[in-house]
Amino acid sequence: MTKRFALGVFEDEDVLLHAIDNLRGAGVKIYDVFSPYPVHGIDDALGIQRSRLPIAAFFYGMCGLAFALWLQIYTLGFDWPMIIGGKPHIALPAFIPVAFELTVFFTCHGMVITFYAITGLYPRFKTSVMDVRSTDDKFVMAIELDETSSALPKLTQLLRENGASEVNQKEMTKK
Amino acid sequence: MATLTHQESATAEQLVVTDGARKIFYTIIGAGILILVLGILASIMGWGAEHPATASHVGAAAGVESAGAPHEAGSAIWVKRLLISLWHSNLFFLGISAVGTVFMAINYVAYAGWSVMVKRIAEAFSAWILPGAVIMLVVFLVGRHDIFHWTHDGIMTKGSANYDPIVAGKKGFLTVPFYLIRMVSYLVIWWAFSWKLRKLSLQEDLNGGTQYFHTSVTTAALFLVLYAVTSSMSAWDWVMSVDVHWFSTMFGWYVFASWWVSGIAGITLTAIFLKQNGYLRFLNANHLHDLGKLIFGFSIFWTYVWFAQFMLIWYANLPEEAVYFNQRLGGFNGQYTGIFFFNLVINFVFPFLGLMTRDAKRQMIILKIVCIAVLVGHWSDFYLMIMPGTMKGESGFLIEIGVAAIFLGSFLLLLTRRLSEASLVPVNHPFIDESVHHTT
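Order-wise, the sequence lines are chains A and B.
This note's numbering applies: residue 91 is where the first sequence begins, and numbers increase by one.
This note's numbering applies: residue 2 is where the second sequence begins, and numbers increase by one.
For the record, the hints were derived by calculation from the structure and aren't laboratory data.
On a predicted model such as this, the values are computed, not experimentally measured, just so you know.
Note that CB positions come from ideal geometry on N, CA and C, so glycine has one too.
Among the hints, a few may not be true.
[Said to hold, decoys possible] Computed from the model, here is a short list of chain A residues facing chain B with C-beta under 7 Å:
| id | residue |
| --- | --- |
| 1 | Pro128 |
| 2 | His130 |
| 3 | Gly131 |
[To be verified] Not close to chain A: a few residues of chain B, all C-beta gaps over 10 Å, as computed:
| id | residue |
| --- | --- |
| 4 | Thr28 |
| 5 | Val135 |
| 6 | Asp154 |
[Claimed, not checked] Computed far set for chain A versus chain B, every beta-carbon distance over 10 Å:
| id | residue |
| --- | --- |
| 7 | Gly117 |
| 8 | Phe148 |
| 9 | Cys198 |
| 10 | Glu261 |
Using the sequences plus the hints, can you model the full thing?
What follows is the structure in structure tokens.
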């Protein structure tokens, strides 16, 4: 499937943020913006919803905590009770460091795996670079066009007015 | 940065302390005095006293040392409680006051821009250092025998009836002149640097330019080095030496963590109150979010230090160390057990769960509740550090809360007066625009 895009190239992040506000105000649907580094406030400007990853993180953490407590209580309390330092078999203060570490361990690994799964960042992942300069010093705004590219002249004008230094057209083929 | 469409810049704002506000502060002081008087009466009359020991203490004349009697010598119970709660509340408020300057100094050294909006509040906190220092010196000079066991006569002299070899081993450090020299130097260092940073900040307001900022960075860096040492040593001197047989290498950090998180909670609470009364026009949810993160993070830090101290003592179970937790967990007929667990819940579980989500940190109401809880919680943390070692089983709450309320009212009077002396927004600070446009 081939998709056509209009690419507005911007030199400055402030200009880019204003342009995003204005274009969205004019009813243009922005496909994505490519930038060499994370731009503060761009998520809000693009109207991207906040990630729900923290909610997942909370549950991974709870799993880690439950696993750690089960592991220690079962092994040290029931499966193979041992007296260590004259303490009770199930000595909760001693379990806290392990519980803490496993909570953190489950949370980070769960989050990383979830993040990779959601964003499709698996090995041999090929990313579609709209314009290689967006990996260096340019900000590239991509707007999807229809088959006939009929909106292109109007879009070009709009992008130019909002500070784009150049406007290109690009076809991307997705297998 | 997304809202760059408006390019407004900050303008000076002047706080006007209304008579209504002042009346509230005086009411807090008045209520404190009332509770204090009630507490003293209750102590003298022995209301609600279960232990027969009280009766004999009431008989002793107030303020007179019953000479000769070795360990339990001291003033009447209510005098002791009054002196010790003065020491306790003063420690708490003095520490918070100094944390205002520490907060500012860290932000200077880090070249942080976001915090400029609350900088004047942190500055105003140090208004309490001078009165706090005076109270501390007076209480020490008047009541040191009731607070510090090691100041008793003959405790370090061999052959005396009071001789205690363990305390005598700390002779080099715990002597009254050396103690006073240390105490005065901590207080002078804290006061002088607060004064200097405040002065630079006010001059910056008048003249502008970046030279005041650069001087402040150097001053702040020097202060932080000195504060790192003095905060730790003051914790040994002022708090740990009430349990003179006991020691913990974590203690400096523990006391600092308590002061630090309550100081940040105090700054946040002041900022919210000012915002709700129509001041600090440019303070928004983003600034509160960052302050909330600090409260959240440092509540966990306090717990970490608390637990590091607790677990090692619990695990090793050496009698000379474990006595500290014996007294607090079940000792004195379980008098401190409740507050021991309350302390953990209100200082860890509550802020941890309450401030976990992003929305909670950005909403004033939740942040306000958590800040108040943290302040109450750390006041009771200091209660737990000081009371078992000094009052043993004879401590209570009425006198202590009364004294704390008097301190709170006076602290707020000085704080608001200092806040109203200059613009609430340091308009000529080089990072003021960064703070206005701060997003998280």
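Taking the hints in turn, this is what the structure says about them:
Because the smallest distance between the Cβ of A:Pro128 and any Cβ of chain B comes to about 11 Å, over 7 Å, the interface hint for this residue is violated. Here the hint on A:His130 is kept, as its CB sits about 5 Å from the closest CB of chain B, short of 7 Å. Look at A:Gly131: its Cβ gets to within about 3 Å of chain B, closer than 7 Å, so that hint holds up. Every Cβ of chain A is farther than 10 Å from the Cβ of B:Thr28; the closest lies at roughly 42 Å, confirming the non-interface assignment.
No beta-carbon of chain A is positioned within 10 Å of the beta-carbon of B:Val135; the least distance is around 42 Å. Distance check on B:Asp154: its Cβ is at least 41 Å (rounded) from any Cβ of chain A, clearing the 10 Å threshold; non-interface status holds. The non-interface label for A:Gly117 is consistent with chain B: the shortest C-beta to C-beta separation is roughly 18 Å, beyond 10 Å. A beta-carbon of chain B is positioned within 10 Å of the beta-carbon of A:Phe148; the least distance is around 8 Å.
Every CB of chain B is more than 10 Å from the CB of A:Cys198 (nearest about 16 Å), matching its label as outside the interface. Residue-level check passed: A:Glu261 sits 31 Å from the nearest beta carbon of chain B, beyond 10 Å.
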